[in-house]
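Asker: Spelled out, the chains give:
2 protein chains.
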Amino acid sequence: MTDILIVGSGAMALLFGARLAASDHKVTLLGTWRKGIQAINQSGIRIAGDLKRDSFPAQGVTDLSKIPPVKLALLLVKSWQTERAAKQLARIMDPEGIVLSLQNGLGNLEILGEILGDRRATQGVTTYGATLIGPGVVRPGGEGIISVQPQPGLDPLIQCLKQSGFSIQEVENLSGLVWSKLIINVAINPLTALLNVKNGQLLDNKYSKDLMSLAAREAGNVASALGIEPGYEDPVSAVEAVAAATAENISSMLQDIRRGAPTEIDAMCGAVVRAGRSVNLNTPVNEIMLLLIQARENIMRISENENNDNNE
Amino acid sequence: MTDILIVGSGAMALLFGARLAASDHKVTLLGTWRKGIQAINQSGIRIAGDLKRDSFPAQGVTDLSKIPPVKLALLLVKSWQTERAAKQLARIMDPEGIVLSLQNGLGNLEILGEILGDRRATQGVTTYGATLIGPGVVRPGGEGIISVQPQPGLDPLIQCLKQSGFSIQEVENLSGLVWSKLIINVAINPLTALLNVKNGQLLDNKYSKDLMSLAAREAGNVASALGIEPGYEDPVSAVEAVAAATAENISSMLQDIRRGAPTEIDAMCGAVVRAGRSVNLNTPVNEIMLLLIQARENIMRISENENNDNNE
Chain H
5 MTDILIVGSG AMALLFGARL AASDHKVTLL GTWRKGIQAI NQSGIRIAGD LKRDSFPAQG
65 VTDLSKIPPV KLALLLVKSW QTERAAKQLA RIMDPEGIVL SLQNGLGNLE ILGEILGDRR
125 ATQGVTTYGA TLIGPGVVRP GGEGIISVQP QPGLDPLIQC LKQSGFSIQE VENLSGLVWS
185 KLIINVAINP LTALLNVKNG QLLDNKYSKD LMSLAAREAG NVASALGIEP GYEDPVSAVE
245 AVAAATAENI SSMLQDIRRG APTEIDAMCG AVVRAGRSVN LNTPVNEIML LLIQARENIM
305 RISENENNDN NE
Chain D
5 MTDILIVGSG AMALLFGARL AASDHKVTLL GTWRKGIQAI NQSGIRIAGD LKRDSFPAQG
65 VTDLSKIPPV KLALLLVKSW QTERAAKQLA RIMDPEGIVL SLQNGLGNLE ILGEILGDRR
125 ATQGVTTYGA TLIGPGVVRP GGEGIISVQP QPGLDPLIQC LKQSGFSIQE VENLSGLVWS
185 KLIINVAINP LTALLNVKNG QLLDNKYSKD LMSLAAREAG NVASALGIEP GYEDPVSAVE
245 AVAAATAENI SSMLQDIRRG APTEIDAMCG AVVRAGRSVN LNTPVNEIML LLIQARENIM
305 RISENENNDN NE
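From first to last, the protein sequence lines stand for chains H and D. Numbered as in this note's numbering, the first sequence ends at 316 without a single skipped number. Numbered as in this note's numbering, the second sequence ends at 316 without a single skipped number.
I should point out that these hints are in silico values taken from the structure, not numbers from a laboratory. Source: prediction; values computed, not measured. Heads up, the beta-carbon is just placed ideally off N, CA and C, and yes, glycines get one too. Some hints here could point you the wrong way.
[As the list claims (entries may be wrong)] Stretch by stretch, here's where chain D covers chain H in the computed footprint (C-beta under 8 Å, at least three residues):
| id | region |
| --- | --- |
| 1 | 179-185 |
| 2 | 212-218 |
| 3 | 294-306 |
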C-alpha cells in the first residue's frame with residue numbers, strides 16, 4: 005500500500021484513481037473542482053459501465069494543508085492548469101518526490117521542471133482514455149499503454165501502476181512519442197470540436213479528411229525540422245488509423261467545448277505554431293485552428309457570463 | 005408596367021419582387037422551392053416589419069412552360085444554383101433579353117455568359133440585404149446601393165429598379181467592386197457560420213478579429229496580384245467597418261447553415277483559392293475555411309438524411 009497523490013479530478017484523474025485504489029493503494033485526489041472533490045469524498049470514485057465494482061474509495065482534497073509530504077504524484081490536469089498545479093506541488097512535494105505528467109500536449113514538462121526542478125518532474129505518454137460522466141463519475145475508454153522514459157526515483161510509481169493493471173513500456177525516445185501523440189491530437193481534436201463530430205466521422209467526407217491530412221502533415225514537418233522522429237512513417241495514415249480505431253470516441257476537446265470548459269488548444273496547435281516558428285516553418289493550418297478554437301472559447305465565456313465552475 | 009422575371013424565391017428575390025411589384029411592375033418569380041412559390045401565389049410576397057403594406061402580388065412559377073419570352077430578368081439564386089438557372093433562362097429568354105445577376109461571389113457572370121451569350125448576361129454588386137423569415141416572407145435589411153456597369157439593353161431594367169426606390173450607381177470598374185465585396189464576404193461569412201455568431205460579434209475578441217484580418221488580407225493580396233483595385237485602401241479596416249455597420253446581421257452563410265442549406269462557400273473562399281492559384285499565391289486561410297464549411301455542409305447532409313427541400 006503506497007500513498008499516491010493524483011493532481012486533478014477530471015476523467016483521467018478518476019480513471020487512474022479508481023484503478024490504483026482497486027489495488028489497495030491510498031489515493032488522494034487534489035482538485036479545484038469542488039463538486040467533483042465532494043462527490044469523491046461522499047461516494048468514492050464511481051465507474052460508469054459494467055465493471056465488477058463500481059465505486060473505489062479515495063480522499064478528495066482542495067486544501068493543500070491536509071496533504072502530508074508527497075513522494076509519488078501523477079499529474080492529470082488540463083495543460084492550461086499545469087502552472088498552477090506545479091506551484092501547488094512545489095509546496096507539498098518531498099525533496100525526493102517525483103511527479104509523472106501523463107498530460108496531453110507540449111510544454112507541460114518544461115513548466116514542471118522550472119518550478120519543481122528537473123529531477124522531480126518527468127512525463128509519459130498514454131493512449132488510455134476516459135470520459136467524464138459527472139462529478140466523481142467516469143467512463144473508461146479501451147485499454148491503452150503508458151510509455152515512460154527511465155528516470156531515477158520513478159520505479160515505485162511504475163510498480164504501482166503495473167500492479168493496478170496498466171500496461172507500461174519504457175522507451176528511450178520519449179520526445180518522438182510526445183510528438184507522435186501531438187500530431188494525432190492536432191489533426192483530430194480541433195476538427196472534432198469545430199465540426200461537433202465523433203472521431204470516426206472525420207473520415208466520412210473528403211473535406212474533413214483533407215483537413216486532418218493538412219494538419220497532420222504540417223505538424224509532422226515541424227517534428228522533422230526539429231530532428232524528431234515520430235513512431236510512424238506517415239503522419240497522415242497514422243492519424244486516419246487512430247480516427248478509425250477511436251471512431252466512437254468524443255475527443256477531449258469536443259468534451260471540453262460541449263461543457264463550456266477551456267480546451268488544451270494552446271498546448272496542441274499553439275505548441276506546433278511556436279515550434280514551427282523556432283525552425284522558420286509556417287504552420288497556417290495549426291494557426292487557424294488555434295484561432296478558431298480560441299475564438300470559440302472566448303464566445304463561450306461571454307455567453308456563459310464568466311461561470312468559472314469548470315472541472316479539470 | 006413592365007414584365008420582370010426574378011429567378012429565385014429566397015430572401016433577396018422576395019425583397020426585389022416586393023419592391024418592383026409595389027411600383028406596379030408585373031413580377032414573376034421562378035423558383036424550385038415549392039413551398040416558397042406556393043406561398044407567393046396564395047398570399048403574395050409578404051414583408052415582415054413595419055412597412056405601410058405587408059403583401060405584394062406576384063406570380064410564382066416552377067414550370068418554365070408558363071412563362072412568356074423573357075426580356076428583363078434579375079438573377080437572385082445562390083451561386084451553386086447559377087448553372088441550373090442559366091440553363092432554364094436559355095430556354096425562355098428573348099434573343100434580345102438581358103439578365104442582371106446581383107449574386108454574391110465570383111464566377112456567376114462567367115457561367116451566365118457561357119450559357120446565354122455575353123450580350124444577354126451582366127452583373128451588378130449590391131449592398132442591399134434581407135433575411136428569409138419563411139416561405140414567401142422576407143425581412144428587408146437596411147437601405148443599400150446597386151452598382152452596375154453600363155451595358156446595351158440594360159437601361160429598361162435600371163429604370164424599373166430606380167422607380168422601385170432602389171439606389172443605383174453606374175460604375176466603370178465593376179470587377180473592383182466585385183472583389184471588394186468578395187473580400188468582405190470571405191472575411192465575415194465563413195467565420196460567422198463556423199462560430200455561430202452575428203457579424204458584430206467577430207469584433208468582440210482578438211482571435212476572430214485576427215482571423216478576419218488574415219482572410220481579408222489574403223484575398224486582398226490575390227486581388228492585387230490580379231491587378232484589381234478594390235474600392236478601399238486597406239482590406240482589414242474595410243472588413244472591420246462592415247462588421248461594425250452590420251453588427252446585428254446574421255450573415256447569409258450562417259442563415260444557410262442554420263437551415264441546413266448549401267452555402268455559397270465555393271463562390272467565395274473557393275473562388276479566392278482558385279484565383280490565387282492562377283497567380284501562384286497560396287491562400288491557406290481561405291482554403292481551410294472552404295474545407296471546414298464544406299465538411300460542415302457534408303455532415304449536415306448526412307444528418308438530415310438527404311432532405312432536399314432547401315429553399316433558394
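Asker: It remains to establish, for every hint, whether it holds in the given structure.
Answerer: Going down the list of hints, with the structure as the test:
1. Only residues whose C-beta sits within less than 8 Å of a C-beta in chain D count toward coverage, and the region 179-185 of chain H has 0 of them, not enough to reach three; the restraint is violated.
2. Residues of the region 212-218 of chain H with a Cβ under 8 Å from some Cβ of chain D number 4, which satisfies the need for three, so the listed coverage holds.
3. Only residues whose C-beta sits within less than 8 Å of a C-beta in chain D count toward coverage, and the region 294-306 of chain H has 8 of them, enough to reach three; the restraint holds.
Checked against the numbered hints above, the structure violates only hint 1.
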